[in-house]
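J.: Could you put the whole structure together from the sequences, leaning on the hints where they help?
So the sequence lines, in the order shown, correspond to chains A and B.
Residues in the first sequence are numbered from 1225 upward in steps of one, following this note's numbering.
Residues in the second sequence are numbered from 352 upward in steps of one, following this note's numbering.
Take the hints with a grain of salt, since some may be wrong.
To be verified - Pairwise CB distance ranges, derived in the manner of DEER restraints:
1. A:G1489 to B:R462: 33 to 41 Å
2. A:G1489 to B:G539: 53 to 61 Å
3. B:A484 to A:R1321: 36 to 44 Å
4. B:R462 to A:S1333: 49 to 57 Å
5. B:H630 to A:R1321: 19 to 27 Å
6. B:Q487 to A:V1338: 29 to 37 Å
7. B:S374 to A:R1396: 23 to 31 Å
8. B:A484 to A:R1237: 48 to 56 Å
9. A:V1334 to B:R566: 48 to 56 Å
10. B:Q487 to A:G1452: 38 to 46 Å
11. A:G1452 to B:S461: 55 to 63 Å
Unchecked claim - Taking lysine-lysine and the DSBU-like style, the derived pairs with C-alpha atoms no more than 35 Å apart in a straight line are:
12. A:K1315 to B:K367
13. B:K644 to B:K367
14. B:K644 to A:K1315
15. B:K644 to B:K692
Calculated from the structure, these hints are not laboratory results.
Even for Gly, the Cβ is constructed at its ideal location relative to N, Cα and C.
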Amino acid sequence: MNALASSPSSDRRSPAEITLIAATYAIVGLMLVLPPVLVFTEALRSGLAAALASITDPDALSAIRLTLEMTAAAVIINTSFGVLAAWLLAKYRFPGRGVLVALIEIPISVSPVVAGLVWLLLFGTQGWWGEALNRIGVTIAFATPGILLATLFVTFPFVTRTLLPLMEQQGRDAEEAATLLGASFWRILWGVTLPEARWALLSGVLLTTARAMGEFGAVSVVSGHIPGLTETMPLHIETLYNGYQSVAAFSMAALLAIMAMATVGMRSLFEARMRREEPRKAETAGGGA
Amino acid sequence: MSVLIENLARHVAGGKLVLDDVSLHVPDGAFVALVGPSGAGKTTLLRAIAGLDPASSGHVEIDGRAMEGLPPRERNVGFVFQNYALFRHLTVARNISFGLDVRPRTSRPSRAEIDAKVAELLALIQLPDLGDAYPQRLSGGQRQRVALARALATGPRLLLLDEPFGALDPMVRRAVRTWLRDLHDQLGLTTILVTHDQEEALDVADRLVVMQDGRIVQDADGETLDATPATPFVMEFLGETLRFPGVVSDGLFIPADAHVSPFSTNAAEGATEALIRPHEVTLRADAAGGAAKRVGRRGPLERLAVSLGERSVEIERPVEAPPSGPVALEIAQARLFQNGKPAVEGNHPWSDASAVLADVVPEPV
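T.: Put into structure tokens, the structure is as follows:
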């Protein structure tokens, strides 16, 4: 009884507590809830039909398709590399490991615009390799390969970052047990390592998806903003907005927001699953550690 | 399945020797415990046998077959990890059948055969109804048994256990220990167990291999270890030990402490240390002796603190009337060490124990 009465979740709260909670709600409402609400309101200002019409415009459709393609490619490539990197970093100790872990974080801390500029510097027509590549018919800057590179760079850390702590915590025991039971390398990867980390992996994949769909800065620099060709959804929104096509801009923004929110929603669902499994896991390992 | 280890060494990064010239023979059907403090190399040795940690040099043979170059997955040894390492995403039944499920199609038993094997193992570990449960739902003792069943599913004849009782509470520990020993006998296994708990080892194993700093210090059954420990460390590791420094002179061990009677010995002259268990003494009334008082009691035994002038020691004896006055200590049996080595000829780890223990005859003073 005493413990209950003194817990912070009791009915009687101090004025300070009430103020803090109210302030939190106010800030979250202002910063996080209001913007999407405004986006949807603006999108539907001329009615649903106008919003839908603006989304089915050929340039808009091209932007949507390009975004989906780039996202799919980035997710597939970065998931494969992310799993590999996390596995390597978690299970092995080798010289330079710490440097690698730090390097993986670079895309999170570096401004995407800088990343975009680097790709331009390398692959632009004035760039180091741009001309040589152009001569053999490969165009990277102001074309889809450049957009993919920019997206890959920006979303590179997410799978690794979500997997690494979990894999480190899990250690090698389960894999070693599988080895001793006669399982091959691939069997262990598919049958033990990845399933054991599946919620973290899904979470990382979804984070990559959300980030890839919304990436603006790096893509903006390398893509060249060619409507119908190299414009992804975020770039197209900017173009529309700058052209005073506010309904079209907000309709596209609303669609992007829905896609992102669906991704984030799925992710929190999986994270909840993960957390529900993890405490028990910690208990299993706790006795031995 | 016998295990033969010859001159095994393992260095880790930094050049540290975690296994230092280890040789060990475990005959078919034996139950051997590797004991020693943390960092002694017990788990490293076990992992080297399984092939999980490569050795720097030396030779490992299982059942007469050299293990060099044979990957762990082809050794078919049952291994139980300290934290069980169950697959959390698989049911108990699929955990147990894992070793069969991963076999190539040509050598994999049929689904029905695998299911029958799982049912048989579930019955063996006395958890017949838990096949569909996930490991998270099981208690520590249950997980431990599932880990064992999983290790046994592929029919290994050699079982390696790394601190298998470490995470269990004391009540469950005792039960699982007995059950494990029965299982070993029933299935005709060869078992090597790693533990830092010497009592557990004495309880369950035929033979104890005492390790320290990557080396095997002594390899013998419990009785021999107690009677003729190879070093003071072995003696102390196996139980409470009282150490009496002194010298041997003219065939007598003369303790440095006051109120301890000398006794005759055939050890060489010089600085010597006598090591005894707390119950290996008798008290003799002695007006010039030290005070003795009861400090504890457990069952039929009592503990007395006896003052030896500079220090006091705690001895153990059957409960009787407290001493009426000052007492002197008479050592009933002792292991003598000089420079950390057994001092008495024949007091050698591999010699007959009885001959050595008999050498102490209290000298009338």
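J.: It remains to establish, for every hint, whether it holds in the given structure.
T.: A quick look at each hint next to the structure:
1. A:G1489 to B:R462: 33 to 41 Å: 39 Å, holds
2. A:G1489 to B:G539: 53 to 61 Å: 57 Å, holds
3. B:A484 to A:R1321: 36 to 44 Å: 38 Å, holds
4. B:R462 to A:S1333: 49 to 57 Å: Holds: the Cβ-Cβ distance is about 52 Å, inside 49 to 57 Å.
5. B:H630 to A:R1321: 19 to 27 Å: 54 Å, violated
6. B:Q487 to A:V1338: 29 to 37 Å: With Cβ atoms ~45 Å apart, the hint is violated.
7. B:S374 to A:R1396: 23 to 31 Å: 28 Å, holds
8. B:A484 to A:R1237: 48 to 56 Å: This hint is violated: roughly 42 Å between Cβ atoms.
9. A:V1334 to B:R566: 48 to 56 Å: Given a distance of about 52 Å, which is inside 48 to 56 Å, the answer is holds.
10. B:Q487 to A:G1452: 38 to 46 Å: 53 Å Cβ-Cβ, so the 38 to 46 Å window is violated.
11. A:G1452 to B:S461: 55 to 63 Å: Cβ of G1452 of chain A to Cβ of S461 of chain B: about 59 Å, so the range 55 to 63 Å holds.
12. A:K1315 to B:K367: OK: K1315 of chain A and K367 of chain B at ~22 Å, within 35 Å.
13. B:K644 to B:K367: 48 Å, violated
14. B:K644 to A:K1315: 57 Å, violated
15. B:K644 to B:K692: Holds - the C-alpha atoms of K692 of chain B and K644 of chain B are around 34 Å apart, at most 35 Å.
Checked against the numbered hints above, the structure breaks hints 5, 6, 8, 10, 13, 14 and satisfies the rest.
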